[in-house]
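For what it's worth, the numbering used here labels the leading residue of the sequence shown as 2, then goes sequentially.
Mixed in with the good hints there might be a few duds.
Taking lysine-lysine and the BS3-like style, the derived pairs with C-alpha atoms no more than 30 Å apart in a straight line are [said to hold, decoys possible]:
id, residue 1, residue 2
1, K333, K152
2, K509, K156
3, K110, K94
4, K152, K360
5, K110, K290
6, K333, K156
7, K94, K509
8, K333, K94
9, K94, K49
Per label pair, the in silico range of CB-to-CB distance [to be verified]:
id, residue 1, residue 2, range
10, G80, R326, 26 to 32 Å
11, S456, V393, 47 to 53 Å
12, E53, E167, 53 to 59 Å
13, D62, T297, 47 to 53 Å
14, A339, T95, 29 to 35 Å
15, G101, D344, 15 to 21 Å
16, L516, E167, 56 to 62 Å
17, V439, P497, 17 to 23 Å
18, A451, R326, 32 to 38 Å
These are computed hints drawn from the structure, not numbers from a lab. Quick reminder that beta carbons are idealized off the backbone N, C-alpha and C, glycines included.
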Amino acid sequence: MSLRSKSEGNDMAENSMTRRGMVLPFTPLSLAFHHVNYYVDMPAEMKKTGIEETRLQLLRDVSGAFRPGVLTALVGVSGAGKTTLMDVLAGRKTGGYIEGSISISGYPKNQSTFARVSGYCEQNDIHSPHVTVYESIVYSAWLRLSPDVNKETRKMFVEEVMELIELNPLRDALVGLPGVDGLSTEQRKRLTIAVELVANPSIIFMDEPTSGLDARAAAIVMRTVRNTVDTGRTVVCTIHQPSIDIFEAFDELLLMKRGGQVIYGGPLGHHSRLLIEYFQAVPGVPEIKEGYNPATWMLEVSTPAMEAQLNVDFAEIYANSDLYRRSEELIKELSTPAPGSHDLYFPTEYAQSFLSQCKACFWKQHLSYWRHPQYNAIRFFMTTIIGVIFGVIFWDKGQQIFLSSHVHLSVETRDERSMYSAVMFLGGTNTSAVQSVVAVERTVFYREKAAGMYSPLPYAFAQEIPIWWRWYYWASPVAWTIYGLMTSQVGNRNDPVEVPGFPNISVKEYLDRFLGFKYDFLGAVAGRTSAGRSYSVLSLLTASSTSTSKGGEGSLADLVESY
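Start from the sequences and build out the full structure, keeping to the hints where you can.
And the structure:
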């Protein structure tokens, strides 16, 4: 087996697309990188040991190429830099210093446009736990596909991706929390692949997709990965210690040793024949045993201890090999734009408009909160209990008038103290209860933001509306609760209030002028508060039933399909 040329790779990609019949077309793209070096600032702990260098080099003169329709394995021992290399190529490294050239189908890589044509499957499968599998995929498609894609085509593409990744039996299952409930580890990894694939990327990076899986689950995930490659996309996977079956699924290999150097880059061959022939040609390298795992064998014979024993440097051997020269020729070919081609260009940074981003983030947060029965049960329970406690504490206090010359002991002040304590205590309790929900969604936000799904501003709008949107304040049930508390207790009193810089005014006039609380409006406030509570209970019951209903009727998916 020899290295396939760029044109052969593109032909294979086109044939794969025709064979798979993908609804949405995409442009197969290659990725070539040449003499890539990556540095970080020297850690303070290492400087204390006497090291004088100011930078620590993690990647050393790394070169290679990834092509459409070819599944490439990025392998190395812990500390070899395989994940670091993939993060550098994917643009996930925001710190440090990068040297070298990275090109996409012959054009210099631009991260703002590259994020629109690439996907990144992280090792930790991070998803919102209270949405279904189908809703997770639809949500990603809504934010990452072009607005030119109509809802019928988008729905067909989502269904096609679910069939390709074999997720149809799980479409209505809640994702859940890892290790607690919901999907298994293998199912989560397939969902991670589907969430990225539904963005219709040309290049997909996968960070150890089989880690933490048994042999059967790993085989299912790799079959999914292979199906993705067969659509004609460029797929790169980091693998730590693959089994024989998993290793045989790959077409090409980029092997790295500790220190961030490449020691093999090229095709594997049938049953890893080309890889075995390459290393066995090195004098002193022991032959592989019959039936032994080639992946395990290559890692064993390329260790620093084996290099010291054989007095060789595998990085130097690779740099002087014919395999390296053929790789350089391929990199040069893929770094040159094809005649008639053009560079990637998108008129906007994000696929969807600001308004669409706000809609998507708002409705996802809506489901995330209202499908959390523990969180909502605690809120309703604590509100009831606190109401009973404060009702008992301040029972009949309004009728007890103590004779005192101090104004602050008046009944109005005691009522205000009770209301202040109730509101602050209830607010603090609800704030504590929501922290667990926010902690989970925060990690999801980091992943979605890195994927270029939306800007931080729409996400923040979905959590908290700015103060200048006064109408939203009056849409909050808490605002009406405070309104009702204040006006019902002291809103009809005409006792004078001393306000610095103003003449004495009555309590009723003070509430009206400075807070906008009108006693005559108390009936409407009571009705609004009761309606809000009724809606909250109804929403909780509806969300609970929706999460188990077929097709997620009334769910985020239905809303998305309406746009």
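Practice item. Check each numbered hint from earlier against the structure, then list the numbers of those it violates in ascending order. Key: Those not satisfied are hints 1, 2, 5, 6, 7, 13, 17.
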